[in-house]
Amino acid sequence: MSLENAKKSKRKKKRNRLIFRSVILAVLIGATIFTIVSNSKADNSIYRAGDMAPDFQLQQVNNNNELETVRLSDLKGKGVMLNFWGTWCKPCEEEMPYMQSLYPEYKERGIEIVAVSLDNTEIVIDRFIDKYDLTFPVPHDKTEEVMDLYKVGPLPSTFFINPDGEITEVVNGALTLDRLEESFQSILPE
Amino acid sequence: MRKVKCECGHVNPLGTVLCESCGKPIAGNQHIDGNDGKKLLNMRYDGMARRSQTYTKSFVDRVWSFFSSVKVGVWLIVIALVASMVGTIFPQEMYIPPDAPNRAPSVYYEEQYGVFGLIFYQLGLHNLYSSWWYMILIALIGVSLVICSLDRFVPLFKALRNQKPKKHKSFLSRQRLYSESYEITDEEVVKLKEKLKKRRYKLTEANGHILAEKGRFSRWGPYVNHIGLIIILLAAILRSTPIFYMDEYVWVREGETTVLPGSNGEYYVENKDFILETHDDERFRETLEKEGMVASNYQTDVVVYKATRPIPGAEPELEPIVEDSIQMNQPLEFDGYELVQSGYQLNEFTNMTFKIHETDDSNEESLGTFTVNLMEPESEFVLDNGFRVVLDQYYPDYYLDDDGIPASETNFPRNPAFVFFVYPPESENAEVSFLGIGKNIDASGENEYKLGIADFEMHDVSGLSFKYDRSLPFFGIGAAIFMIGVIQGMYWQHRRIWINRTKDGELLMAAHTNKNWFGVKKDIETVIEDTNIKMVDDQQELDEKEK
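The listed protein sequences derive, respectively, from chains A and B.
For reference, each letter of the first sequence is one residue, going 1 to 190 in full-length UniProt numbering.
For reference, each letter of the second sequence is one residue, going 1 to 547 in full-length UniProt numbering.
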């Protein structure tokens with residue numbers, strides 16, 4: 001009888017020890033995984049393909065375009081190419097003519113180009129628009145708040161957003177005409 | 001499972017080195033604590049069975065016993081030390097100097113340090129301290145710390161709680177301090193006990209056997225210390241989350257109000273004035289001439305606003321909440337945030353005033369002036385005397401690009417240049433002028449009127465860090481507990497004196513302490529005064545003498 005009891009208590013002890021050790025190990029492993037994941041996420045590009053594009057509203061400064069302000073959520077149902085650029089940035093300047101050459105055709109097919117300028121002064125944007133005869137909306141992000149919101153690093157940076165408002169592609173650096181057209185195909189509304 | 005029965009009747013768990021009850025060394029287990037062939041006992045963890053040393057049954061147990069090894073812990077620390085040293089061979093990515101010719105890490109390391117730099121970069125050592133494997137290494141040290149502590153603390157705690165005054169003779173005689181006395185009377189023992197109590201020993205008695213003990217809590221020192229370390233590691237984990245730590249940087253021009261990054265547009269800051277003061281004390285004139293300018297104060301006068309706005313980018317409504325001066329090392333604190341003076345740029349252009357004069361007027365007598373606001377330039381200026389000037393091109397930071405075409409290098413008015421169209425009164429034909437700092441070019445060479453810079457104003461730009469670190473109190477608590485543990489283990493000693501009596505009046509006295517053997521000998525000397533109890537021999541010293 002007492003031998004049986006002893007055996008029983010030993011088994012219980014063993015089980016408790018296993019539970020105790022498993023719990024401690026699980027907590028430690030959990031903390032480790034959490035640390036590594038949260039550190040790897042701290043990288044600068046917070047919005048990736050698959051995320052919903054955060055909404056914003058900015059003054060539009062292109063006189064060739066009828067919009068006064070651009071609000072991203074107003075463009076739901078359209079594919080959006082959200083481009084961050086500045087007049088002083090050479091690669092931005094290179095891709096602008098490509099964007100303009102595709103714009104009239106793809107606007108008809110339901111794609112909007114939103115080229116957020118990070119310049120300080122409106123006059124340099126105006127002169128730039130005149131130089132390349134841009135007709136798509138150019139919102140002016142003077143305080144760099146929207147740039148900060150999208151965690152944009154070096155310019156240019158482009159987010160392709162599908163008609164549901166979901167980011168399908170993020171491109172850091174200049175786009176070629178072919179690449180641009182390819183990306184447009186993926187965000188065309190049905 | 002096998003248990004070990006001691007001759008005193010106590011049943012010990014497998015792996016016990018010294019009987020839990022009477023302390024008699026258990027045959028065949030002495031290797032665990034390295035007692036083989038030694039006269040003195042190793043008193044480590046009081047000879048308790050450390051579970052991890054005996055059971056390796058399930059996977060969990062195997063992992064547990066791996067991490068419970070101090071040897072493993074020490075190796076982990078050594079590996080982490082070596083890895084940390086490797087990371088300091090070349091600067092980490094975040095410390096690549098801002099003025100480096102090319103800051104891209106793929107180029108910088110090879111360019112600067114040759115093939116070793118390339119290897120350094122390709123192995124990912126330029127981001128070593130945030131790499132996954134380095135973090136895992138540190139985490140493993142943490143795991144080892146927790147398991148080592150638990151695996152030793154629990155049995156030690158049990159061992160010290162269940163101490164029996166009666167010990168086996170072979171336990172007593174193999175202690176470092178030991179003596180045998182004969183014909184000791186009860187009165188002498190009473191005297192001894194009183195003196196022990198006076199010296200603040202706690203006495204446990206059973207059948208005339210005595211255990212006198214003091215300073216047991218010093219044995220918990222290392223474990224308290226480890227708890228502190230674990231809290232520090234936890235604080236480091238917390239610091240990697242945005243809830244506990246944020247560090248952003250913002251440039252604000254004098255007179256400008258801008259959003260504070262990382263606040264989700266909740267706060268705006270206005271730079272009212274940036275002040276850079278330098279030492280100009282007469283006493284240091286000579287040194288200052290040699291050294292050049294030495295700054296004595298960096299200061300930004302700011303107003304912080306709380307903003308309400310429907311969505312990012314929309315025009316906010318601002319309400320001032322603090323107005324203060326930020327000086328170096330004297331940050332502005334508000335709502336749990338800190339604004340820290342962290343950088344500056346002097347002398348950006350705010351505005352420039354130009355005058356018009358006739359090209360062949362050697363006195364350059366002004367026919368009229370106009371001012372261009374470089375933060376928000378107008379595109380056309382109409383002067384009182386009928387002149388009309390159109391600002392055709394504006395380059396805030398002028399340079400000639402690779403094709404020799406004027407362009408702007410940055411967004412900021414550091415080196416402004418302009419192309420003006422000057423329309424003389426009642427004329428439709430423009431004269432083109434190009435102006436910049438130190439440049440005044442007449443494109444056609446036939447201009448009747450010339451522009452000149454009459455005046456300009458400048459402003460400074462202040463660089464502010466915007467941050468919070470809510471993990472600091474946890475680091476503080478961890479460090480305090482760490483220190484308490486160190487003090488606990490350092491300044492107190494766990495002293496034990498066993499006094500066992502046999503029926504024929506023989507008295508065996510043995511003593512053990514974890515440090516300061518001199519102290520415990522002094523204690524014994526005092527308590528055995530006026531008795532016939534023999535002073536203990538220091539068997540370790542005897543050992544050495546024999547050799």
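Mixed in with the good hints, there may be bad ones.
[What the hints assert, rightly or not] Chain A residues, not near chain B, derived (Cβ > 12 Å throughout):
(1) Glu4
(2) Lys14
(3) Val27
(4) Lys78
(5) Arg109
(6) Leu118
(7) Thr121
(8) Asp130
(9) Thr135
(10) Pro139
(11) Asp164
(12) Glu166
(13) Thr176
(14) Glu182
(15) Ser186
[What the hints assert, rightly or not] Below 27 Å or equal to it, Euclidean Cα-Cα: the simulated DSS-like pairs (lysine-lysine) are:
(16) A:Lys13 to B:Lys214
(17) B:Lys3 to A:Lys13
(18) B:Lys3 to B:Lys202
(19) A:Lys131 to B:Lys439
(20) A:Lys8 to B:Lys3
(21) B:Lys5 to A:Lys14
(22) B:Lys439 to A:Lys8
(23) B:Lys439 to A:Lys14
(24) A:Lys12 to B:Lys158
(25) B:Lys439 to A:Lys13
(26) B:Lys503 to A:Lys8
(27) A:Lys12 to B:Lys5
(28) B:Lys164 to A:Lys10
[As the list claims (entries may be wrong)] Under 7 Å between C-beta atoms, here's a sample of chain B residues computed to sit facing chain A:
(29) Leu128
(30) Trp132
(31) Leu137
(32) Gly313
(33) Gln393
(34) Tyr394
(35) Gly519
(36) Thr526
Keep in mind the hints are simulated off the structure, nothing from the lab.
Quantities reported herein were computed from a predicted structural model and do not represent experimental measurements.
Don't be surprised by glycine CBs; every beta carbon is placed ideally from N, CA and C.
Comparing the hints with the structure gives:
1. Listed as outside the interface, Glu4 of chain A is consistent with that label: its C-beta sits roughly 15 Å from the nearest C-beta of chain B, beyond the 12 Å cut-off.
2. Distance check for Lys14 of chain A against chain B: the nearest CB is about 8 Å away, which does not clear 12 Å, and the non-interface claim fails.
3. Remark: the non-interface label on Val27 of chain A conflicts with the geometry, its nearest Cβ contact in chain B lying 9 Å away (cut-off 12 Å).
4. The non-interface label for Lys78 of chain A is consistent with chain B: the shortest C-beta to C-beta separation is roughly 18 Å, beyond 12 Å.
5. With 12 Å as the threshold on Cβ separation, the claim that Arg109 of chain A sits away from chain B holds: the shortest Cβ distance comes to roughly 27 Å.
6. With a least beta-carbon separation of about 7 Å from chain B, Leu118 of chain A fails to lie farther than 12 Å from that chain, contradicting its non-interface assignment.
7. The claim that Thr121 of chain A lies off the interface is violated: its Cβ sits roughly 6 Å from the closest Cβ of chain B, which falls inside the 12 Å cut-off.
8. A cut-off of 12 Å between C-beta atoms contradicts the statement that Asp130 of chain A is not in contact with chain B; the least separation is 10 Å.
9. Here Thr135 of chain A stays apart from chain B, with its beta-carbon at least about 20 Å from theirs, past the 12 Å limit.
10. The claim that Pro139 of chain A lies off the interface is violated: its Cβ sits roughly 7 Å from the closest Cβ of chain B, which falls inside the 12 Å cut-off.
11. Remark: the non-interface label on Asp164 of chain A is consistent with the geometry, its nearest Cβ contact in chain B lying 19 Å away (cut-off 12 Å).
12. The claim that Glu166 of chain A lies off the interface holds: its Cβ sits roughly 18 Å from the closest Cβ of chain B, which is beyond the 12 Å cut-off.
13. At the 12 Å boundary, the C-beta of Thr176 of chain A stays outside the reach of chain B, the nearest C-beta of that chain being 20 Å off.
14. The beta carbon of Glu182 of chain A is kept farther than 12 Å from every beta carbon of chain B, the shortest such distance being approximately 26 Å.
15. Every beta carbon of chain B lies more than 12 Å from that of Ser186 of chain A, the smallest distance being close to 26 Å; the non-interface claim holds.
16. Distance check on the hinted pair: Lys13 of chain A and Lys214 of chain B sit about 32 Å apart at the alpha-carbon level, beyond 27 Å; violated.
17. For a cut-off of 27 Å, the pair hint linking Lys3 of chain B to Lys13 of chain A stands: about 15 Å separates their Cα positions.
18. Restraint check for Lys3 of chain B and Lys202 of chain B: not satisfied, since their Cα atoms lie roughly 32 Å apart, outside the 27 Å limit.
19. Restraint check for Lys131 of chain A and Lys439 of chain B: the C-alpha separation of about 24 Å stays at or below 27 Å, so the hint holds.
20. At most 27 Å may separate the alpha-carbon atoms for a hinted pair to count; Lys8 of chain A and Lys3 of chain B meet this at roughly 15 Å.
21. Taking the CA atoms of Lys5 of chain B and Lys14 of chain A, the gap is about 21 Å. The hint holds against a cut of 27 Å.
22. With a C-alpha separation of about 97 Å, the suggested pairing of Lys439 of chain B with Lys8 of chain A is violated against the 27 Å cut-off.
23. Restraint check for Lys439 of chain B and Lys14 of chain A: not satisfied, since their Cα atoms lie roughly 88 Å apart, outside the 27 Å limit.
24. For the suggested pair Lys12 of chain A and Lys158 of chain B, the alpha carbons sit about 19 Å apart, so the restraint of at most 27 Å is met.
25. With a C-alpha separation of about 89 Å, the suggested pairing of Lys439 of chain B with Lys13 of chain A is violated against the 27 Å cut-off.
26. With a C-alpha separation of about 41 Å, the suggested pairing of Lys503 of chain B with Lys8 of chain A is violated against the 27 Å cut-off.
27. A threshold of 27 Å between alpha carbons decides the hint, and for Lys12 of chain A with Lys5 of chain B the separation of about 22 Å falls inside it, so the pair holds.
28. This hinted pair checks out: Lys164 of chain B and Lys10 of chain A have alpha carbons roughly 24 Å apart, not beyond 27 Å.
29. With a least beta-carbon distance of about 13 Å to chain A, the hint placing Leu128 of chain B at the interface is violated under the 7 Å criterion.
30. The interface hint given for Trp132 of chain B is met, as the beta carbon of that residue sits about 5 Å from the closest beta carbon of chain A, less than 7 Å.
31. About 10 Å separates the beta-carbon of Leu137 of chain B from the nearest beta-carbon of chain A, more than 7 Å, and the hint is not met.
32. Checking Gly313 of chain B against chain A by beta carbon gives a least distance of about 4 Å; that is within 7 Å, so the hint holds.
33. Interface restraint check: Gln393 of chain B against chain A, minimum CB-CB distance 6 Å, threshold 7 Å, status holds.
34. Interface restraint check for Tyr394 of chain B: the shortest CB-CB distance to chain A comes to about 5 Å, inside 7 Å, so the restraint holds.
35. Using the Cβ-Cβ criterion of 7 Å, the hint placing Gly519 of chain B at the interface with chain A is not satisfied: the shortest such distance is roughly 37 Å.
36. Nearest Cβ of chain A to the Cβ of Thr526 of chain B: about 45 Å, over the 7 Å cut. The hint is violated.
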